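Enquirer: Okay, so the sequence shown: first residue is 1 according to the numbering used here, each after it adds one.
FYI, nobody ran anything at the bench for these hints, they're computed from the structure.
Predicted model, so just to flag it, every value in this text is computed and none were measured.
Cβ coordinates follow ideal geometry from the N, Cα and C atoms, glycine included.
One or more hints might be untrue.
Restraint-style ranges between C-beta atoms, simulated for each label pair [to be verified]:
# : residue 1 : residue 2 : range
1 : 207       : 158       : 19 to 25 angstroms
2 : 58        : 211       : 45 to 51 angstroms
3 : 207       : 44        : 20 to 26 angstroms
4 : 120       : 92        : 23 to 29 angstroms
5 : 120       : 65        : 16 to 22 angstroms
6 : 49        : 178       : 36 to 42 angstroms
7 : 175       : 13        : 50 to 56 angstroms
8 : 96        : 65        : 23 to 29 angstroms
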Amino acid sequence: ARMEEAFDPIDVDEFPPMPAQPDAWLPAGNLLAQYAAALPFASTDECRHILQGVAFFTAWQPDPTSKTPPADQRPPSFQPGAHAVSTDGRRIECRPVEGCGLASRVIIPACDALLMLAKQGKDAMVGMVACDPGYAGTLVLQAGQVTHWSRTVDGSYPNWRQVIPSGNEHVTCWTPTPDETEALRKILRALPTSSKSLPTITLQPGKDGPATA
């Protein structure tokens, strides 16, 4: 009863305005699923807020104003297609994002609400709300009856391409399955995180069975 007496309801007319709707809704593809898979590898250090989220990089496009052939413009360790990337400065996770129409680079902050949407497994739509110059944009995700607005983190993400293998014949690239990803999460939780003992995972391939970590 005391709680009811102390509660001061807000009139509907006094609600803060909702963020604007994006100019166009695009299919999110598997963006939410890859966001949820990459987020455990993001930084949890409060001093490194840019690394706390997952960076979404769109597919590489050649510069039409350049006089050199498109192949010469490709950055080191070129990766085709869109990618979701997360890093804490020591380890890095890079996942391809297929079927997503988002056409701008964005850093998606860590958010429990987005993880809940990802677990629902519903087809989602995504869009960007235009922002004033000098301010971060607003990412809008719609899944089912839920619409989530997220002010994107503004800042320059580390040059993650320098640590991504180029894909030549001397490099072995491993894409973990969902079961393997869950096993890695359990291993990562048990590893020390102090600066004196940096976390390291060594994989030993199995001859007739799964690899051990």
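Enquirer: Hint by hint, note whether the structure agrees.
Expert: Taking the hints in turn, this is what the structure says about them:
no., hint, in the structure
1, 207 / 158: 19 to 25 angstroms, "violated, 37 angstroms"
2, 58 / 211: 45 to 51 angstroms, "violated, 33 angstroms"
3, 207 / 44: 20 to 26 angstroms, "violated, 37 angstroms"
4, 120 / 92: 23 to 29 angstroms, "holds, 28 angstroms"
5, 120 / 65: 16 to 22 angstroms, "violated, 43 angstroms"
6, 49 / 178: 36 to 42 angstroms, "violated, 29 angstroms"
7, 175 / 13: 50 to 56 angstroms, "holds, 52 angstroms"
8, 96 / 65: 23 to 29 angstroms, "holds, 28 angstroms"
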